[in-house]
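Given chain R's structure and the hints, the job is docking chain X onto it.
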Amino acid sequence: MPTLFEKIMDRHIVTRRGDDVLLYIDRQLIHEVTSPQAFEALRLAGRSVRRPGAMLAVPDHNVPTTPERAERIDDRESREQIEELRKNALGGGITLFDITDPRQGIVHIIGPEAGLVLPGITIVCGDSHTGTLGAFGTIAFGIGTSEVEHVLATQTLWQGMPRRMRVTVNGALHALVTPKDVILAVIAKIGASGGTGYAIEFAGETIRKMSMEGRMTVCNMTIEAGARFGLIAPDETTFAYLKGRPLAPPPSLWDAAVADWKTLPSDPDASWDREVALEASSLEPHVTWGTSPQDALPVGGSVPDPEAQPDPSERARMRRALEYMALVPGTRMTDIPVDKVFIGSCTNSRIEDLRAAAAVAKGRKVHSNVTALVVPGSGLVKKQAEEEGLDRVFIEAGFQWRLPGCSMCLGMNPDKLKPGERCASTSNRNFEGRQGPGGRTHLMSPAMAAAAAVSGCIADVREVAR
Amino acid sequence: MIEKFVPLNTVGVPLDRGNVDTDAIIPAKYLKTLKRTGLGVGLFFAWRYDAEGAERPDFPLNRPSYRGGRVLVAGENFGCGSSREHAVWALMDFGFRAVIAPSFSDIFRNNCLKNGMLPVTLPAAEVRSLSDALQAAPGGKVEVDLAAQTVRGPNGDVHKFAIDPFAKKCLLEGLDEIGLTLTCAAEIDRYERERKKKTPWLFLDLAG
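Line by line, the protein sequences give chains R and X. Heads up: the first sequence begins at 863 in this note's numbering, then just goes up one per residue. Heads up: the second sequence begins at 688 in this note's numbering, then just goes up one per residue.
Quick caveat, the hints were computed from the structure, so don't treat them as lab data. Take the hints with a grain of salt, since some may be wrong.
To be verified - Quick look at which bits of chain R chain X covers, simulated, 3 or more residues with Cβ under 8 Å:
#1 1005 to 1012
#2 1038 to 1049
#3 1266 to 1276
#4 1282 to 1295
What the hints assert, rightly or not - For each label pair, taking beta carbons as the anchor points, the in silico distance ranges come out as:
#5 E1258(R) with V728(X): 44 to 50 Å
#6 A812(X) with A907(R): 27 to 33 Å
#7 A835(X) with P1172(R): 35 to 41 Å
Predicted model only: the values in this text are computed from it and were never measured. Heads up, the beta-carbon is just placed ideally off N, CA and C, and yes, glycines get one too.
Just chain R, with the same shape it has in the complex (with noise of 0.2 Å):
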């Protein structure tokens, strides 16, 4: 009967109290923002931090993605920042993918990378984005600072349970519609805030014969949802993913690995609060217009009219975000110029990502008026793109070929929009400012963001590349 959710947090239970239960934390990721605070409050409590040996941190919010960040960063307090992440891994004994590491990059990139996420924990991170580890069949979700010196002491977090969703698509997608596209397609359908209080499970065909990547762009931004919880059945493509790495299993006990992972999966007769479905064979790539990421539609649309909104409320929140993206009801979304490209972010930086975009940049040139930006998600990604052979062909085209990190995802760093910049990007939030005070964001996956760098405006990429 039970879900893959409530399988996990059934074998997490450490004890309970009313209708919370104090939940094992398997794993820990630490970043540079979130965690001095936590570090700091543990120090002045005079606690020590539980289980070292159960937490990874990286530094990547705050660095800069140019060579000369080796030698010096020279923003004083993102400086400040990466240099206590150093002090407070180190003096917690907690493993560091420091600034040089060739495994450092994005919190949520890494983590699988070296083995660290396996079907049926319980990991978290003081980033939103934490999510994206449920592709794995994982409780994983973000928390706060407090939450996190909370895990830094105890080794646990008091939760409550989730409601439960499936959201099912089935059918096949069409060339050059992507995992993304599905994402947004599902966000647009059920809401900004219709995941709330809710552990989203992914399920159906089309699901199943995604990559890891792929099923990682998923659940990454089921948060734009507004759900914690986002999250797939682990099966042969997820172990075959996992086989080999550092931190996965040894061969002495993968086989009883595999074998526990493989009763993870939801019971055939399993109840949901609510069950969503999508067909993709229908899908087309998609595009935001507005300043949530709900505001997604097939590229072939025009941008809204609020007039035609009944709900006041909804009617005034889209004036609002046209009025801040300089759009007119009835443009096409094909007639919009673009001033930067960016593709990159812990939804779209990995090898499949990169693959997508080159295919499409391949042998064609950025437009004039426009600066483009491809950064790997990780030093490995980076490190297997450059021996397929992947900055070559972003280089020739005219892209820029960055070292690793979160970039100009979130404008903590000095890869940033300035006012008025509009960006295709493949990042996961086009909130007001996101991206740089003033700038404006079109969220779209890397083949669609490639089309619009080599067009000099949102483009469909089926066109593009025919």
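Below, chain X without anything else, positioned relative to chain R:
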């Protein structure tokens, strides 16, 4: 140790917008601090100030009649997006102690409770009537009584709200949650011992 929540009788500040995200509450450039304090200066920065740094007179927090208010009345899905606890620290540093909204993001609500800030969920129609009253007559007072679980609006209208009993106790008493959890240390030890037997592969040391 979190601040104890005391009953409020204060100006209510209407922020009549839905889906207010934590990037809007506190922009990324204020996240580079090593401290929890002093973040009020960045609260709603892009909405409070124009590009030249001058206050936007129409923004509710800048209007004289709303100044000093400690209760924010907002739209649905308040605090969505990033998990940054800085959003709560900024609201508290500015003076807010409670936010009333039809719904909150899950992470923001948790972050509130860890810091002594009260998130009050009321039905959308009741939030709408509170917000309308505060906009029609700026400076109106809102009373929030956590012990009684009630909000009294400027027109004397009383709204009952629900809250998890343990969260209520923590807020009223300013309890140190980590200290409480550490009283379960023996259970955590026992759990770890048993788990190590069942799934030894989860105890490979990352540092090893």
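So, going through the hints one by one against the coordinates:
Interface restraint, the stretch 1005 to 1012 of chain R with chain X: holds (7 residues with C-beta to C-beta distance below 8 Å; minimum three). Counting residues of the stretch 1038 to 1049 of chain R whose C-beta lies closer than 8 Å to any C-beta of chain X gives 0; at least three are required, and the coverage claim is violated. Residue count for the stretch 1266 to 1276 of chain R with a Cβ under 8 Å from a Cβ of chain X: 3. That meets the three needed, and the coverage hint holds. A count of 4 residues in the stretch 1282 to 1295 of chain R with a Cβ less than 8 Å from any Cβ of chain X is obtained; the coverage claim is therefore met, three being the minimum.
E1258(R) and V728(X) have their C-beta atoms about 46 Å apart, which keeps the hinted 44 to 50 Å range intact. The beta-carbon spacing between A812(X) and A907(R), approximately 44 Å, falls outside the hinted interval of 27 to 33 Å. The beta-carbon spacing between A835(X) and P1172(R), approximately 37 Å, falls within the hinted interval of 35 to 41 Å.
The earlier numbered hints that this structure contradicts are 2 and 6.
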